[in-house]
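Chain A is fixed; fit chain B onto it per the hints.
Quick mapping for you: the protein sequence lines, in order, are chains A and B. Here my numbering is used: the first residue of the first sequence is 1, the next is one more, and so on. Here my numbering is used: the first residue of the second sequence is 138, the next is one more, and so on.
Straight-line distance between alpha carbons at most 20 angstroms, and here's what the computed EDC-like set of lysine to aspartate or glutamate pairs gives:
#  : chain 1 : residue 1 : chain 2 : residue 2
1  : B       : 311       : B       : 259
2  : B       : 257       : A       : 79
3  : B       : 204       : B       : 250
4  : B       : 311       : A       : 70
5  : B       : 311       : B       : 166
6  : B       : 257       : B       : 274
7  : A       : 131       : A       : 70
8  : B       : 204       : A       : 79
9  : B       : 204       : A       : 86
10 : B       : 204       : B       : 144
11 : B       : 204       : B       : 234
12 : B       : 204       : A       : 83
13 : B       : 204       : B       : 192
14 : B       : 257       : A       : 70
15 : A       : 131       : A       : 102
16 : B       : 311       : B       : 250
17 : B       : 257       : A       : 83
18 : B       : 204       : B       : 142
19 : B       : 204       : B       : 152
20 : B       : 311       : A       : 79
Here chain A is said to cover these stretches of chain B; the calculated rule only asks that three of the stretch's residues, wherever they fall, bring their Cβ under 8 angstroms from a Cβ of chain A:
#  : segment
21 : 205-213
22 : 219-233
Derived by calculation from the structure, the hints in this document are not laboratory data. None of these values were measured; they are calculated from a predicted model. Using N, Cα and C, we set each Cβ at its ideal position, and we do this for glycine too.
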Amino acid sequence: MAAVGIVVVSHSRPLADAAVELARQMLPNSTLAIEVAAGTDDGGLGTDAVAVSTAIAAADTGDGVVVLMDLGSAVMSAETALELLDDDVRARVVLSAAPLVEGLVGAAVVAAGGADRDRVAAEALRGLAPKQAHLGG
Amino acid sequence: MATVETDALGAWVREYARAVTEHRDELTELDSAIGDADHGTNMHRGMTAAVAALDASPPADGAALLKTVAMTMISKVGGTSGPLYGTLFLRMSGALDDGSPAAFAAAFRAGVEGVVARGKAELQDKTMVDALLPAADALTEAIGAGQELDTALRAAADAAARGRDSVTPLVARKGRASYLGERSADHVDPGAESAVLLVEAAAATLGRS
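Bound conformation, chain A alone:
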């Protein structure tokens, strides 16, 4: 069974924490590693690539990490964070283009079930599918 880590990058600490809470509701008794890098260190809105790289390193058990992010600088900070990591860790990380909330819930559920990194990343990208099916969009 793989132990894929998940990292949430957001401009807002409360937004990230709430998204993680929502995902954890689906995972009773799971020890899945979900790390958060969100907000500026003075409590404001913003992202910090150094904090993202620390979160990736913390979430990494050797089986890979999937990073979910909100918009704007979250994306560029996540890309910059990769530059700060060791080559072997960087090679195990996937930056997901999935929407943050839906992608996180989808990814967390399969990651908690022991799926490998590529499966977790694929599930994140499928995150919008249930909503689209329901709304006919």
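Quick look at chain B alone, frame taken from chain A:
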């Protein structure tokens, strides 16, 4: 010929911190028109932290100084300009060869190319790249033609300002401003403005000793 010593690079960084603080409200105002109204605040926070980091632990050489500035910007700015300016200083740090004007020009170009790669922006997308690329070109050309560093940096700063002005009428194609579509036309791009300040700060400090 003047050289670019560690102290001069420090003076550049401090002058830039002073300039973004002086223009903080203006940068935020430009950003409130076509973005998320935080550029002045973010750049002020990042550059103030960069100067504090240099004060706390004086770097051994120019490359170490630029790296300290890079890591502080990446961590403290909060907005997209953090990874972008951070990458500029990080690539400059890696490329800085010696204290010659040619080495500085080459390092600056490497930094600007890093910004282009990080932001995936092209000329006329209405971003900081529209000020930085012409500045790098002007600097390389002037140094290549044998001009003194202060003259070359003056030409670079003028090229940056012309680049910034050239995209003011355009519709933004990158960043938060691109969400606004046509409404972003006829506004000065805040990133291009802060990039002009960076090159102006270089012209005001480097090559003057």
